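**Student:** In case you want the letters, here they are:
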Amino acid sequence: MKLSYPLLKESIKDHRLRWLTFCLIGLGFLILYIATFPAIQKSSADYDKLVSTLPKGVISAFNITTGPQTLMGYLASKHFGFTWPLMLIMLTVSYSSYAIAQGVQDKTLTFLLSLPISRKNIYLTRLVGGIFGVLLFVVFSQLLVIPLAGIFGYDLKVSEALLIGLLGLTFGLSVLGIGLLASAITNDPRKSTAAISGVLLISYVLYLIASLEANLDKLKYLSVFHYFNPGKVILTGRLDSADILVLLGVFILSSLIGVRYFSKKDIPM
Amino acid sequence: MQNTTVLNIDSVTKFFGKQKALDNVTFKVKKGEIFGFLGPNGAGKSTTIRCIMDTIRPEKGEVKIFGQNANREKSSTNLKIKVGYVPAEPNLYPNWTVDRHIKFTENTFSVSPNKSTELKKILDIKGDKKVGTLSTGNHQKLAIILALLHEPELLILDEPTRGLDPLFRTTLHQLLRKYQEGGGTILLSSHDLYEVEELCDNVAIIREGKLVNDTSLSKLKKAGSHSVKVTFKKNIPKELQGLTTEDYIISRKTATFIIKGELGPLLDILAKNEVQDLSISSPSLEDIFQEIYTS
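Residue numbers (numbering that gives the first Met the number 0), protein chains in the order written: chain E, 0 to 268; chain P, 0 to 294.
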């Protein structure tokens, strides 16, 4: 199994505008949150009081950390734990749906399959294209916090930013893996988008239920969102290797199933 | 033409759900021939071609190209180096330009742009146009360039002239003849009886997913009814009135004749008279098949 470099090049060319738009929006959000940090820091005491009144389940469910003492703590609770994954999911789902299912619908996949590019190569190339997109988004919307913090005059632990970037990347990969699998199965970009959105929504609902109901706590292990918790990274100062392994496991397993399924299936044209 | 088998379709059966789309289809295409694959719409021509191109895989039987299984991933991918394919329906990226398609295909095959430059000139197509803005004819021209630019040994054409103007049909036929003279082999799927007759050395006829063995090209030709509309300079000649049971007179000078089979006898009579206008509508293959199998 090898990459088709001409296809990868064209794939990146096709998606550059979409990726650039998401990257700039992600960067815009990052700047916005950094710019509003001083005001939030001032009202930190009130914020702490408010958080202390919330049930533990709600705090855990929405990744709320008490006291945004540091910029990264604030970003982890307000941005990386909620708006950022939403943006990443939108980016990944739109790419995945296009990558395979759109090709079946508009028949462009028959063009690719008439060339000496195997189905496995097509899948792998689309996967690598997606990884490139996720990586680009992580750099623009997460890792640029390092120079931006310097520009805005804040102290920042670079290691925290890097760990959150790594967590974001593995979360993006897991969503990409599931998205491409849905795209390979459904043959229809709308169905693919609906399927992956449905899976992620169910995953999030399970996470919420597990956080709010103590006796259903174990449900959290079924949710991909349990393993993506930037707040926990800030609190502990390290990445939980189990979280990374599970997210990577989801990515690898869904990709392997996707490649196998796509290689065997009839392409309905 | 040589005796080597380039394409071997052996007992291919394909189901879509419970519906049998192909039933035990078997035929061989020899090196250097233009092989016609004739059948009405929905007969199974495109399904057979999709099995050959490995976008779908048969439940039973085997497709072999140059002796290699065309439905195994590795051999199928390698075989594409030797195969050019023009599909029945547009399958190109609407947002890509003509040149982007060509460059991408050249890069994938690792070939120089010499052949595509020559083909672009012959087929008279501009490179900077986006595929989404191309006419059916230009879209088809691009598909043909993409299928030929790596100089394949086998060319698979699925209804390549559908919806094209007669001028381009002629250019394409000339191109195909030249390709054959250069040693190339062609599988030409069509529902145009006359195109197949003009171009092909051998023919397989398919109907409802099965190869038809009880029908030959000549039988098909005899079965169809042509509609011939003639306007004479003077009144309709008496010897033409009542030529067929289905002729009818539109005016004093114009008549339409429904002629089953050969047109020769009618044309012989017309040659002896002064004709002002003449139009002949050929029967569609669907009509011919309906006539054969319902009679």
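Source of the hints: derived by calculation from the structure; they are not laboratory data.
It is possible that some hints are incorrect.
[What the hints assert, rightly or not] Covered stretches of chain E (in silico footprint by chain P; criterion: 3 or more residues with CB under 8 Å from a CB of chain P, positions within the stretch not fixed):
(1) 116-128
(2) 205-215
(3) 252-266
Treat the numbers as computed from the prediction; the structure is a model and nothing was measured.
Ideal Cβ placement from N, Cα and C applies to all residues, glycine included.
**Student:** How about the segment 116-128 of chain E: do at least three of its residues have a C-beta closer than 8 Å to a C-beta of chain P?
**Tutor:** holds (count 5)
**Student:** Please count how many residues of the segment 205-215 of chain E have a CB within 8 Å of a CB from chain P and say whether that reaches 3.
**Tutor:** violated (count 0)
**Student:** Are at least 3 residues of the segment 252-266 of chain E within less than 8 Å of chain P when you compare beta carbons?
**Tutor:** With 3 residues closer than 8 Å to chain P, the segment 252-266 of chain E meets the three-residue bar; holds.
In summary, the structure is inconsistent with hint 2 from the numbered list given earlier, while agreeing with all the others.
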